Amino acid sequence: MEKQFVFAGFGGQGILTTGLIIAHIGAMQDKEVTWIPSYGAEMRGGTANCTVKISDELIGSPFVKKIDILVAMNQPSIDKFLPQMKDDGIILVNSSIVKDVPRKGDIRVVEIPATEVCEKISYSRGTNICIIGALAACTDLFGKECYEEGIKHYFAKKPQFHESNLAAFQAGYDYVAKE
Amino acid sequence: MRTLMKGNNALAEAAILAGCRFFAGYPITPQTEILEYLSTRLPEVGGQFVQTESELAGINMVLGAAATGFRAMTSSSGPGFSLKQEGISYISSMELPAVIVDVMRYGIGLGNITLGQGDYFQAVKGGGHGGYKTLVYAPSSVQENVDYTILAFDKAEEYRTPVIILSDGAIGQMAESVKLPEGKEHDPNKFEWTLKGKDDTYPNGRKMTDRIYYDFKYTEYDPHIRDRYSAMEENEQMWEEVETEDAEIILVAYGITSRVCRGAVKAARANGVKLGMIRPITLWPFPKKALHKTNKTVKAYLAVEMNACGQMVEDVALYAQGTPVYAYPSGRVIADQEEILRIVDEIRAGTRKEAF
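Residue numbers (numbering that gives the first Met the number 0), protein chains in the order written: chain A, 0 to 178; chain B, 0 to 355.
Isolated chain B, as found in the complex (with noise of 0.2 Å):
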């Protein structure tokens, strides 16, 4: 039976589900259900939950979590995810599995408390230094947030880095119907590469830090990073496509502002209008193969998301070969599925100017 959730207490019961025993974050809105939930749920089986005295110590607990092999997760907002990327770049550089979740709001600086999509670049391009890649899903429902945090843990595993989990105030925020699948369990001590106490010696027990330092020679380094970051980006492309066969028109959107543009293709097909919509499930790596079988026959992407200026827009101009780009950043509102409808009638009548 389905049941009625939260995003996310749904997010956080499926870190469970997966096995996950380490929480370690601090409250902010709109993420503070997961800390709350987990406060009480990790006890239960066993494992450990710290609201700790900050982000920063948030983050690098689960790197040492992460260190011993245990399943580990932290989760923020705005400014508090700001304040992990510096962790998320050592757990890379460590290449450690671990999820982070940012429940994104709106604006710069401590912004609103409200939902927003405004992390896009911080979560894709690196929000750290030293142009390490994340994994980063965005779900855009309930459900999603339970199957995408679950699969985030194990393909944090299969490629031993750090995924990203670009939910926002909307889907964190809403109930809605969702199926549990049954629970994982996880032996923390199956890993070659985990510390596991004081008599495992180096190369069996790792030295835990940085490995350009120990595990490559000078000149193997790079190539390592590039196979490795190449690899994600061939096989771990996720998107849905919504009626993007005949489509004339293709709206590119994720997350909450894809569930306003899947309304805006229905009324348009009903209106005799060849709308689509390619939903990005990974944002990094972004769905290009997606754009690539599109581009011989669609006449235009629309890319609507909520923030002020445009963000994955630039993604969608990057694969679109050519393909006219047009945006529709709808700033702190959610976009409107009238409007959409409206800027997609001005790309066709010719009168609405490219996004670049």
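Pulled out of the complex, with its shape left as it was, chain A reads as follows (with noise of 0.2 Å):
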């Protein structure tokens, strides 16, 4: 088993962490991981990129060639990475910011409006935890308590958000699963 993601957005919508997330709830699973940012001559305000493989074994190279998860938080990361989706992927967007996702194929577009779902929480902060809560419940890579278990360590110096954090997950999970 090889995963290969993308986390795409805006510079500053904390798209590059969520991929760390990921990854780290990958490792805390003795997965094998690699997550590596774009780093190029990125600008404010323009988009930004992270890519993470999970393992079995042990990974070659850490940049992505076919992608099978997609998180897009804006409307370039999709038509960037489009052409490379592999034909059974998943295309996970926050629908409160992408309105218009191109369907190709047999790719699975899950959209979620991370943003309300957690306004209606009171955590507006917690729109990247609530799409983990969504990637959880369309994948089938980690039971729930992996997830839930790898938020809580990766904000360990941070106790006070842990609840808010795990109810954004359940809301995004639970927002999918009733899909």
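The hints are simulated quantities; they were obtained by calculation from the structure and are not laboratory data. Hints may be right or wrong, so weigh each one.
Label-pair ranges, simulated between beta-carbon atoms [to be verified]:
hint: 1; chain 1: B; residue 1: E85; chain 2: A; residue 2: R107; range: 50 to 60 Å
hint: 2; chain 1: B; residue 1: E345; chain 2: A; residue 2: E56; range: 44 to 54 Å
hint: 3; chain 1: A; residue 1: D139; chain 2: B; residue 2: H291; range: 46 to 56 Å
hint: 4; chain 1: A; residue 1: A176; chain 2: B; residue 2: V44; range: 40 to 50 Å
hint: 5; chain 1: A; residue 1: D55; chain 2: B; residue 2: F190; range: 42 to 52 Å
hint: 6; chain 1: A; residue 1: G10; chain 2: B; residue 2: N270; range: 50 to 60 Å
hint: 7; chain 1: B; residue 1: F120; chain 2: A; residue 2: K64; range: 25 to 35 Å
hint: 8; chain 1: B; residue 1: H291; chain 2: A; residue 2: R102; range: 54 to 64 Å
Simulated crosslink set (DSSO-like; lysine-lysine; CA at most 27 Å straight-line) [unchecked claim]:
hint: 9; chain 1: B; residue 1: K352; chain 2: B; residue 2: K295
hint: 10; chain 1: B; residue 1: K265; chain 2: A; residue 2: K2
hint: 11; chain 1: A; residue 1: K157; chain 2: A; residue 2: K98
hint: 12; chain 1: A; residue 1: K151; chain 2: B; residue 2: K216
hint: 13; chain 1: B; residue 1: K132; chain 2: B; residue 2: K265
hint: 14; chain 1: B; residue 1: K265; chain 2: A; residue 2: K64
hint: 15; chain 1: B; residue 1: K352; chain 2: A; residue 2: K65
hint: 16; chain 1: A; residue 1: K64; chain 2: B; residue 2: K273
hint: 17; chain 1: B; residue 1: K178; chain 2: A; residue 2: K157
hint: 18; chain 1: A; residue 1: K65; chain 2: B; residue 2: K265
hint: 19; chain 1: B; residue 1: K178; chain 2: A; residue 2: K2
hint: 20; chain 1: A; residue 1: K85; chain 2: B; residue 2: K132
Since this is a predicted model, take the numbers as computed values, not measurements. Note that beta-carbon positions come from the ideal geometry of N, C-alpha and C, so glycine has one too.
Hints given; two lone chains; assemble the complex.
Right, dumping it as structure tokens:
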């Protein structure tokens, strides 16, 4: 098993951290993981992205050619990475921001209005964690508790946010599970 | 338990674990995290961190710290690494141990902040003046950043030489799971050759200058230098072999490029093509023993590296002893697995031009 992820959005949306949390969760399950950010001549307000690979075996190149799962937080990310999607891939979007996802072949598109979902639980900073909840619900990579444990561990130095983070995760999970 | 760490941070932590208590350097992408990390971590363990006014000051402060027996390190990239070359030559001439990290970026001059492998010649062939050599380690993962940084400090002292860690923008910026070993305590006063204070007189306390002036008779110096470097060359070659035993064609690649090649070997084998890889871990000394071992059986070597014209390929050709050598310098983009396989097909079909 080797899964290849791209997390992409505007700089400042926390997209690199979102990828890092997923890599962290993989590492905690003793998988081989790589995380690498794009860091060329990026500019504020431009697009940022990172690549995550999770595998049972030693990982070769950390760069992605064919994407299993694309997490897109803005429109340009979809346009940029759609051509690289695997035929049976998943595109997960924050539909509060991304309004128009072009359909292509058998690619599954999972839309979650993460901004609104998080407003409902009064935790507007939780959109990325909410997206991770949605990711947990639409893939069978790890059990739900692995994600919860991983999120808690990642934010171990900020215990005051544990409850809110897990609520955001649950809200994202429930939204997609119900779909 | 393994923890997820960024390559640069892991390298910096490894220096701490190796007993390094002095760092002086200047920020430049993509190695700045090393400074950033050590700026808080070194004071925590009673060490000294200096963000110097320039790379020149950084390397020369490391020279000073090394002269007193402390484990000392500096790091840079691109033009900043160029500025350190004079200092590396001086550290070599004084025969002091130090670790210098180059997290390679791409291109000539200012170049680009993205990853590259353009500093092979500079690191391996003596980027400074006078014909010194340094051990050069090329890590290909975050774990190896840890392992070879620790080894670099040990080897630097064993041979009293500067040691270069030739990382790159990808290995520095990526995060992977790592296992950190137990830390070591280093006693800076355990050596005979260090400066220890005003009461220490020569020859017990050295004059801290080029050894050519005081420590050797006129005719003794050159044999000493030759012995010194041939010992390193004989004893310190390190490499990894991947599926080389029955290989028809062998890829030679280091650092980040070797990871793409590992994938290519796997894909080729799945198609019944007998592809293997030699991955130099030390770039100097170049693992010529690995090539000498396979020269008899292999039909060709393909050197894959991330620069415009090919650099390491010259060393591959030097030790190939007549085995045909081909080059795939991938330029400013990382080597492509399919392109490697395509070139391997060309070599097998006899349509690819040899590198030299």
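Mind checking the hinted window 46 to 56 Å against the Cβ distance between A/D139 and B/H291? holds (49 Å)
Okay, B/F120 versus A/K64 on CB: inside 25 to 35 Å? holds (30 Å)
Restraint check for B/K178 with A/K157, where alpha carbons must lie at most 27 Å apart: holds (24 Å)
Check the hint pairing B/K352 with B/K295 against an upper bound of 27 Å on the C-alpha distance. Roughly 21 Å separates the two Cα atoms, so the pair holds.
Sort out whether A/K2 lies within 27 Å of B/K265, counting only the CA atoms. holds (17 Å)
Given the hint that B/K178 pairs with A/K2, test it: the Cα-Cα distance must not exceed 27 Å. holds (23 Å)
Taking the beta carbons of B/E345 and A/E56, is their distance inside 44 to 54 Å? Violated - the Cβ-Cβ distance for B/E345 and A/E56, about 29 Å, lies outside 44 to 54 Å.
Is the hinted range of 40 to 50 Å satisfied by the C-beta distance from A/A176 to B/V44? holds (47 Å)
May I ask you to test the hint 42 to 52 Å on the CB atoms belonging to A/D55 and B/F190? The hint (42 to 52 Å, Cβ to Cβ) holds, given that A/D55 and B/F190 are roughly 47 Å apart.
Is it true that the CA of A/K157 sits at most 27 Å from the CA of A/K98? Distance ~33 Å between A/K157 and A/K98 Cα, so the pair is violated.
Could you check the hint for me, namely that B/E85 and A/R107 are 50 to 60 Å apart, CB to CB? Taking Cβ atoms as reference, B/E85 and A/R107 lie about 58 Å apart, which means the hint holds.
Hey, B/K132 versus B/K265, does the alpha-carbon distance stay inside 27 Å? violated (35 Å)
In this structure, the earlier hints numbered 2, 6, 11, 12, 13, 15, 20 are contradicted, and the remaining ones agree with it.
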